[in-house]
Amino acid sequence: MDWRVLTETLRASPLGTSTQTLVAALLLVGFGTLVSLVPFHSWAPGGYASAPAPAAMLHAGVLKKFGLYGLLRLALPLTPFGWKEIGWLVGLMLAGNILYLGLASLQQRDFRWLLGFSSAMHMGTVFLGLIAGTVLGLGGALALMVGHGFSAALGFAVAGEVGR
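The opening residue of the sequence shown carries number 661 in the numbering used here; numbering runs sequentially from there.
Derived by calculation from the structure, the hints in this document are not laboratory data.
Treat the hints with care, since some could be wrong.
Have a look at the derived ranges for each label pair, beta carbon to beta carbon [said to hold, decoys possible]: (1) P714 <-> S673: 29 to 35 angstroms; (2) L763 <-> A672: 45 to 51 angstroms; (3) L798 <-> T669: 23 to 29 angstroms.
With a cut-off of at most 25 angstroms between alpha-carbon atoms, the simulated SDA-like pairs for lysine to any residue come out as follows [as the list claims (entries may be wrong)]: (4) K725 <-> I791; (5) K725 <-> G820; (6) K725 <-> S702; (7) K725 <-> L682; (8) K744 <-> E668.
Note that the Cβ used here is the ideal one computed from N, Cα and C, for glycine as well.
When you get a sec, could you build the whole thing from the sequences and use the hints?
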């Protein structure tokens with residue numbers, strides 16, 4: 661599968677708007693689950709809390725970013741009209757991600773659960789910067805991804821050491 665050929669083929673003869681909308685929605689479900697966007701987030705906080713510290717560090721610090729990369733590199737360029745159609749839904753999901761998970765993280769008494777909710781919330785903020793499509797939004801998303809990668813990994817490392 662050559663990425664360049666696929667991109668050129670779809671640009672030369674793009675999919676219809678309804679097909680793009682369906683494909684964009686399916687990609688949003690798949691990558692949204694990996695990124696832990698509301699309502700696909702329920703696995704993340706508990707997964708982080710129960711995982712060994714090195715696994716939680718790797719997943720929160722690095723692997724979550726692959727979902728965002730997939731959305732940015734695959735979903736957005738290949739289905740631009742589909743994303744315009746479901747933009748309102750994505751906006752609601754991101755608002756829910758940032759507000760609900762942010763408030764849920766403030767209610768946590770266990771540090772690992774707090775990190776899990778906070779990590780999922782940060783991915784919504786990063787995704788918001790990415791879909792803004794502006795230089796400032798992309799730069800902010802990149803800075804937040806790097807900062808979140810280090811802080812989440814270090815947070816889970818501290819939680820693992822304290823838990824010993």
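Evaluated hints:
1. P714 <-> S673: 29 to 35 angstroms: Once the Cβ atoms are compared, 46 angstroms apart, the range 29 to 35 angstroms for S673 and P714 is violated.
2. L763 <-> A672: 45 to 51 angstroms: 46 angstroms, holds
3. L798 <-> T669: 23 to 29 angstroms: Since L798 and T669 have Cβ atoms about 26 angstroms apart, the given range 23 to 29 angstroms holds.
4. K725 <-> I791: Holds, at about 14 angstroms.
5. K725 <-> G820: Given that 25 angstroms is the threshold and the Cα spacing comes to 22 angstroms, the pair holds.
6. K725 <-> S702: 18 angstroms, holds
7. K725 <-> L682: 23 angstroms, holds
8. K744 <-> E668: 21 angstroms, holds
Checked against the numbered hints given earlier, the structure breaks only hint 1 and satisfies all the rest.
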